[in-house]
Amino acid sequence: MMPKIYHLKNAFYAHECASYLKYQSNLDWNCNMIMEYPNELDNNLDKYCYCWFDYDCEENEQFYFDFDSEEEKTNLNENIIRAYEKRCEKGMKEFTNVKWNCSIQVYDNELDVDADNLSNFDSYCDCYTNKKCQESTVINLNNI
2 MMPKIYHLKN
12 AFYAHECASY
22 LKYQSNLDWN
32 CNMIMEYPNE
42 LDNNLDKYCY
52 CWFDYDCEEN
62 EQFYFDFDSE
72 EEKTNLNENI
82 IRAYEKRCEK
92 GMKEFTNVKW
102 NCSIQVYDNE
112 LDVDADNLSN
122 FDSYCDCYTN
132 KKCQESTVIN
142 LNNI
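In terms of our numbering, the sequence shown opens at residue 2 and continues consecutively.
There's no promise every hint is true.
Ranges of calculated distance between the beta carbons of each label pair, as one might list FRET restraints [unchecked claim]:
1. V107 <-> A12: 24 to 34 angstroms
2. W53 <-> L9: 17 to 27 angstroms
3. V107 <-> D55: 28 to 38 angstroms
4. D69 <-> S104: 11 to 21 angstroms
5. N76 <-> V139: 26 to 36 angstroms
6. Q25 <-> R83: 40 to 50 angstroms
7. S137 <-> E59: 43 to 53 angstroms
8. I35 <-> R88: 41 to 51 angstroms
9. I81 <-> D57: 52 to 62 angstroms
10. E72 <-> Y51: 55 to 65 angstroms
11. P39 <-> Q63: 41 to 51 angstroms
Please keep in mind that the hints were generated in silico from the structure rather than gathered at the bench.
Beta carbons: idealized from backbone N, C-alpha and C, even for Gly.
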């Protein structure tokens, strides 16, 4: 009978923590009540709620690359850009095991006033992926 009472008490406190956080943030939180002895000599239990919520987010990465040849830089076209975007996406997938979407960004690095000289441009892969993120918090119940 006692374990069931403790389970119901834990569930009640976890629900109260989630309700409190929903009131504060208007978000749906998941909470677990955790009780543990702080050390072997102390008979008092530390009680707290561990709470979290999941949400969709994006992770972004940007990294420098150089074209394989000066000819590619000076004859930049949609096919070359698409090929490099695919290379960036493939490289990111191999590195992280997650699907990425990448685009190529080319910036003037301002080392030369000759705007026609593409060798003075820096090129970057701008990549992003959708993922699940988690926010968490701990509520101390020892003083309640």
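Here is how each hint holds up against the structure:
no., hint, result
1, V107 <-> A12: 24 to 34 angstroms, "violated (57 angstroms)"
2, W53 <-> L9: 17 to 27 angstroms, "holds (22 angstroms)"
3, V107 <-> D55: 28 to 38 angstroms, "holds (37 angstroms)"
4, D69 <-> S104: 11 to 21 angstroms, "holds (18 angstroms)"
5, N76 <-> V139: 26 to 36 angstroms, "violated (58 angstroms)"
6, Q25 <-> R83: 40 to 50 angstroms, "holds (47 angstroms)"
7, S137 <-> E59: 43 to 53 angstroms, "violated (19 angstroms)"
8, I35 <-> R88: 41 to 51 angstroms, "holds (47 angstroms)"
9, I81 <-> D57: 52 to 62 angstroms, "violated (33 angstroms)"
10, E72 <-> Y51: 55 to 65 angstroms, "holds (58 angstroms)"
11, P39 <-> Q63: 41 to 51 angstroms, "holds (45 angstroms)"
When held up to the earlier numbered hints, the structure conflicts with 1, 5, 7, 9 and fits the remainder.
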